[in-house]
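Novice: Could you slot chain W onto chain V? The hints should help.
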Amino acid sequence: MMEYFVSALTQVVQPLNLAVILLGTIVGILAGAMPGLSSIMALTIVTPFTFSLGGNSGILMLLGVFCGAIYGGSITAILINTPGTANSAATCLDGYPMSRHSPGRALAISTMASTFGGLFSALALFFTAPMLAKVALNFGAPEYFALGIFGLSIVTGISSKSVFKGIIGAIIGLALATVGIDVISGQPRFAFGSVYLMGGIAYIPLLIGVYAFAQGLTLIEEKVTEKAKKDIKLERILPTWADIKKTSPTILGCSVIGTIIGAIPGTGGDIASWLGYTQAKRFAKDSSQFGKGDPRGIAAPESANNAVSGGALIPLLTLGIPGDAGSAVMLGALMMQGIIPSPLLFENQPVQVYIIIFGLIAANICMGLLGFGGIRIFSKISGVPKEILTPIIFVFCCVGTFCMNHNVYDIFFMLIAGAVGYFLIKLDFAMPPVILGLILGPTIEKNLQKALVLSDGSFSIFFTHPISCVLIVIAVVSLMLPLITYFVKKKQGKNEEAAAE
Amino acid sequence: MKLRKIIAMLTATAMAAAALTGCGGSKEYPSQNISVICPYSAGGTTDLCVRGMTESIPDGVLPSGVNITVNNVTGGAGLVGANQFRNSSSDGYTLGIVNCDLVLSKVNGNTDISYDEFTPLACLMKQPNLILVSADAPYDTFEEFVEYAKAHPGEVKVGNTGEGTLTKLSAQSFEQALGLEFTYVNYDGDTNSITGVVAGEVDMTCCSAAPAIGQLTAGTIKALAITDNERTEMFPDVPAMGELYDELKDIRILTWVYLAIKNDAPEEVVTYLQDAFAQASATEEFEETLAAFSIMPAEFEGTDGALQFMQEQYEFYDSLIN
Chain V
979 MMEYFVSALT QVVQPLNLAV ILLGTIVGIL AGAMPGLSSI MALTIVTPFT
1029 FSLGGNSGIL MLLGVFCGAI YGGSITAILI NTPGTANSAA TCLDGYPMSR
1079 HSPGRALAIS TMASTFGGLF SALALFFTAP MLAKVALNFG APEYFALGIF
1129 GLSIVTGISS KSVFKGIIGA IIGLALATVG IDVISGQPRF AFGSVYLMGG
1179 IAYIPLLIGV YAFAQGLTLI EEKVTEKAKK DIKLERILPT WADIKKTSPT
1229 ILGCSVIGTI IGAIPGTGGD IASWLGYTQA KRFAKDSSQF GKGDPRGIAA
1279 PESANNAVSG GALIPLLTLG IPGDAGSAVM LGALMMQGII PSPLLFENQP
1329 VQVYIIIFGL IAANICMGLL GFGGIRIFSK ISGVPKEILT PIIFVFCCVG
1379 TFCMNHNVYD IFFMLIAGAV GYFLIKLDFA MPPVILGLIL GPTIEKNLQK
1429 ALVLSDGSFS IFFTHPISCV LIVIAVVSLM LPLITYFVKK KQGKNEEAAA
1479 E
Chain W
113 MKLRKIIAML TATAMAAAAL TGCGGSKEYP SQNISVICPY SAGGTTDLCV
163 RGMTESIPDG VLPSGVNITV NNVTGGAGLV GANQFRNSSS DGYTLGIVNC
213 DLVLSKVNGN TDISYDEFTP LACLMKQPNL ILVSADAPYD TFEEFVEYAK
263 AHPGEVKVGN TGEGTLTKLS AQSFEQALGL EFTYVNYDGD TNSITGVVAG
313 EVDMTCCSAA PAIGQLTAGT IKALAITDNE RTEMFPDVPA MGELYDELKD
363 IRILTWVYLA IKNDAPEEVV TYLQDAFAQA SATEEFEETL AAFSIMPAEF
413 EGTDGALQFM QEQYEFYDSL IN
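Keeping their order, the protein sequence lines are chains V and W.
First residue of the first sequence: 979, per this note's numbering; consecutive thereafter.
First residue of the second sequence: 113, per this note's numbering; consecutive thereafter.
Any given hint could turn out to be false.
Label pairs and their in silico Cβ distance ranges [as the list claims (entries may be wrong)]:
id, chain 1, residue 1, chain 2, residue 2, range
1, V, C1447, W, N199, 49 to 55 Å
2, W, E380, V, F1029, 28 to 34 Å
3, V, R1167, W, E359, 31 to 37 Å
Simulated crosslink set (BS3-like; lysine-lysine; CA at most 25 Å straight-line) [as the list claims (entries may be wrong)]:
id, chain 1, residue 1, chain 2, residue 2
4, V, K1263, V, K1223
5, W, K334, V, K1112
6, V, K1263, V, K1467
7, W, K262, V, K1112
8, V, K1224, V, K1270
9, V, K1404, V, K1364
It should be emphasised that the hints constitute simulated quantities derived from the structure, not laboratory data.
Using N, Cα and C, we set each Cβ at its ideal position, and we do this for glycine too.
Bound-form chain W, shown alone:
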C-alpha cells in the first residue's frame, strides 16, 4: 500500500513537471502545438480551407514536433466558436477565424464580438457572389433582368438562405439601390436555392461559385453578373454589377475568410505566423485545395490592409441593414 502511494506521488510530480515545462514562456515560439478554432463543422468548405492551409505549410517552416491542429467548435451559427476564440489565451497558440459572417452577426446585433479584436494572419478566400437565373429565363443580361424586375414589381422570386445572410444581402443591395421589389423565398443552403432556380420555383439567387459550378457547366443556369465592382479572373465573361450601374459601384458583397489571432498576441508571433501562412498560400497544394471548391486564390493585404477591408465591409453592411 505504501509503495503504491509513493509511486502515485512520483507520477503526479512527473506529470506536474511535464505540464510546467510545456507552459514555459521563455522558449522560442512555437514550442508546442498550435490549434485553430474553426467555428464550423469538420468537412465544410471553411474547415477544409483551414486544413488545406495549415497542411500546406512547407516542411521545415515549423520546428519539428510542432503541429497545427484544427479544433471544430460549432454551434450558434459560428458564434460559439467565435466566443471561445475571443476568450482564449493570447499566448499565440490559439488561432481562429474572422469572416464575413462574424461581421454580419455584429451588424445584425447577434453578438458584440468585433472584427478588430483580432489581428488577421492570412486570407483563405475572398470572392464575390454570382447572380444566377435559370438558363431559359427571358433575360440574358443583368440590365435585361433589371428591366424585367422593374416591369414586374413584387413578382420576381429570389431564393436566399435567410435574413442577414450574404445570399439575401446580395439581392437586397441592388434591390434597394435600383428601386426594385423582390419576393424572398428561404432555402436551407446555397445549393438548395440553386436547385430552386433550376426547378423553376424561384427566378433568381445569388451565391458563390462553388455550389453553382456544377449547374453552370451543365447549362441549366446562367450567371448574369457578380456582386462586385470589378470582374474576376475566374469568370472573365461575367460583368461586375458595379461596372453596369453607377448606383452599384460602391457595393462589394464578398464571401471572405481570414485566419486570425487575438490582437494582443506578441508582435513576433504575428510576424512568424504571417510568414508561415504566406509560404503555405504560395504552394501548389493549397491552390489545388481551393480549386477543388472553385475558390480563387486571394492575396493577403497585410495586417492594416485586411483590417481596413473589414472595416469597409462592416460599415457597408451597417448602412445596408440598419
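Chain V extracted, bound-state conformation:
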C-alpha cells in the first residue's frame, strides 16, 4: 500500500508531470470559458497529444483539462451571464448580479469554492471510493426516478418571480425532453420526420441559445437605455475574510452534495450545481439576497460542480459508466492509456489509481493558482464596451454551436432557441426551470418506465426502496412547505387575534 503510494506521488511531482498538469489545466480553463467549447472538445483535442507524452503524463494532462474545464465555465457565467458549460448555468443566477458591481469579488468566491470542491472530492476519492462504489450499485431505477423528482421539486427555489411561471417553465423543459426516439418502443416522438430531431433536443445549442444568444439580445436593448459602463475598478483578487466565513458552510455542504452526485453513475455536474444552489438557498437563514448576488449563491454551484470531478471518477473507474459527455471522452482516453475500468481497479492497478488521485489534487491546486492569478485578466471582460462585446457573443454562439457537432442545423436550432428564450425572459419566465426540466426529463421518464417494468406495474416499488422513499418524501414535503407555512402562520395569526380578544 505504502509503496504504491510513494511510487505514485514521486511520479506526479516530477517537473515534467507538474508542467503537463498546468498546461492541461490552462487548456481546460480556456475551453470551459468559451461558450460552446466544452471539456468534450478540449479533451478530444488533447487526447492524441497525450499519447506522445507516454503513459502517466498523458493521464495527468487529461485530469488537468477535466478539472480546468469545469471551473472555466464559471468565468463567463459570472462576467457576461453566459455559462461556458452546462455545469455553470446555475452560477449565472448570483454570479452575474454580483459581477455588475464587483467582478473581482465574484470571481474570487467562485475560484475559492471551485478549488475547495475539487480538492474535497479528490480526497473523498482517496478515502471513500470503494465504499461509494458500493452505494452506486444500490442506485437502481426507483432511486434514479426519485432523485429526478427530488431535483424537480427544487424548481420553486429557482423560479425568479412567479412560482407558477417557474412550474410552466419546468413543464416546457420536460416536454422538450420527450422529443426524439423513445427508448422503450423505438418510435420517434415529436420529430416531425426530421432526422435532426430524432436524436432528441440538442442540449448544448439550446443552452447557448437561451443563455448566450438571448443575453446578447438583451445587451443590445440595454445599450439604448443605459450607457456603457466605464471600467470597473478591480477591488480585490482574494476573497475577504467575511466572505470566507459566510460561504464556508455552504461550500462544505455543496462539496459533499457534488461528490455524492458525481459518484452516482450517469449524473453529472449540471444536476449537482442546481442541487447545490437550491440546497444552499433552502438552508440559508436569510435567503432574500439569493438571485441578487449572494456570495453563497456563487459558492454553492461552483463547489458542487467541481466536487463532481472526483466523485465522477468513482463510477468511471470502477464501473466504466461516465456521468456526462465530458467524462465519456475521459473514459475513452483513460482506456487508451491502458486503464481498464473494473471493480478491481483499486487492487489491480493501484499505482495508476493513486496517480489519478494525486493528479486530481495537483490539478485542483493549479486551477486555484491560475484562477486567482487570472482574475485581473478575466475581469477585463466586463469592462469591454457592449458594442464590442455583443457582436463577439453572437459570433461565439454560432461558432461554438457549430464546433460541437459540425452540424449546421445546430446553429439554426440555437437561433430559434435564443429567440424564443428572449421572449420568455421578457415575459418573466426564468430559464433555469426550463433547463432543469430538460436535464431531468429523460432520467425521470426512463426510470419510471424501467422501475414499473421491474415491479410488474406496481408503484409500491418507489416506497419499498429506502433511498427512493426518503427522496420522494423530502420532495413532496419541500413542495408543500410554502403552503404549510402559510397555513401555520394564518392559524397562529388567528390564535393571536383570539388571545388579544
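Specialist: Chain W in isolation, oriented as in the chain V frame:
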C-alpha cells in the same frame, strides 16, 4: 482608399486562384486532405477506432502534406452523419462509416440510406456479443440458462439499450428461436446494463466485450455464450450459441464497423484507399488501439465479400424485426 481597393482585389484574386488549384481534378490522387465523417462523438469507441486506423497508416504511404482528418458529425443516433456522408461529393476526399446501426436504422424504418450506396474500404471491427449473467446465478451454462428461462416464462429480466438495438436483438434472436419469454428492461448504455446485472436488478444482458471486460475479470459476471455460430479467439472457452442449438446456427449478431466511400467514387481511389488501410490494419499500433478496447482485429474480406456480409446482416435483421 484606392490603394486599399487594389490590395483587396489582388488578395481576392489570389485566394480564388488558390481555391481553384485545390479543386484541380487532373492531379494524382490524393492531392489534398481527406476527411472521414464519423457520425458519433469524438472520444467514443467508433471515433477512437477510426482515428487509430487513420493514424496508423505507415509514413510514406500518403504523399507529404496530405492528412486524413476525422470530422465528427453527431446527432440523430448516427443518422445526421450518415446523411451528410451520403450527400457529400464522390471525389474521393470524403470517407465515412457504414456500420450495423445504419443497417438497423434502415430495417427499423428510420432512414432510407442503404449500405449498398457505399463501397467498403476497411473493416474496423466485427465481433459477436457476449451473453452475460451474474456470477452467482443458478445456471453455469447457456443450456442451463435456457432451461431455467423455459421453466420461468416472463420472469427472466433482460437488460438492454432500447428497441432495435443490438443488445436487445441479441436476446430477441434466441428468445424467438427457442420459444422463450423475457421481460425487457431499458438502460442508457451497455455498461449501465451490465451494472444492472451485477446489482441484481436484471438477470441477463448481451453486449460486446469492451464494456464487460472489467466486470468479467473481477468475477462478478460470467459469459454463457457468444451470439455467433463459431467461437472467437478472444474467448476460446465461451461457446458460440450456434454450436449449442441447431435452431440458432444461422444467427450471427455482430457489432461491426466499416470505413467506406460512396460507391460512385473512381475505381483507382478505392484501390488506393483499400491498400493504404490494409497497411494500417497490419500495424502493431492499430492492434494496440483495438486491444485497449478489447476488440479483436477483423479481416477485411474485399469489396464484394464485405458487401455480401452486409446483405446477409440486412436480410437477417429484416426477417427478425419485420
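Novice: Now tell me if each hint is right for this structure.
Specialist: Verification of the hints:
Judged by the Cβ atoms, the range 49 to 55 Å given for C1447(V) and N199(W) holds: they are separated by roughly 52 Å. Between E380(W) and F1029(V) the beta carbons are some 33 Å apart, a value that agrees with the proposed interval 28 to 34 Å. R1167(V) and E359(W) have their C-beta atoms about 36 Å apart, which keeps the hinted 31 to 37 Å range intact. Distance restraint check for K1263(V) and K1223(V): the Cα-Cα separation of roughly 14 Å lies within the 25 Å cut-off, and the hinted pair is therefore satisfied.
Of the supplied pair hints, the one linking K334(W) and K1112(V) holds, its CA atoms being roughly 20 Å apart against a limit of 25 Å. Only pairs whose Cα atoms come within 25 Å are accepted, and K1263(V) paired with K1467(V) is accepted, the gap being roughly 18 Å. About 33 Å separates the Cα atoms of K262(W) and K1112(V), which puts this hinted pair outside 25 Å; it is violated. A hinted pair counts as satisfied when its Cα atoms are at most 25 Å apart, and K1224(V) with K1270(V) qualifies at roughly 16 Å.
The hinted pair formed by K1404(V) and K1364(V) meets the criterion: a straight-line CA distance of about 20 Å does not exceed 25 Å.
Violated hints amount to a single one, hint 7; each of the other numbered hints is respected by the structure.
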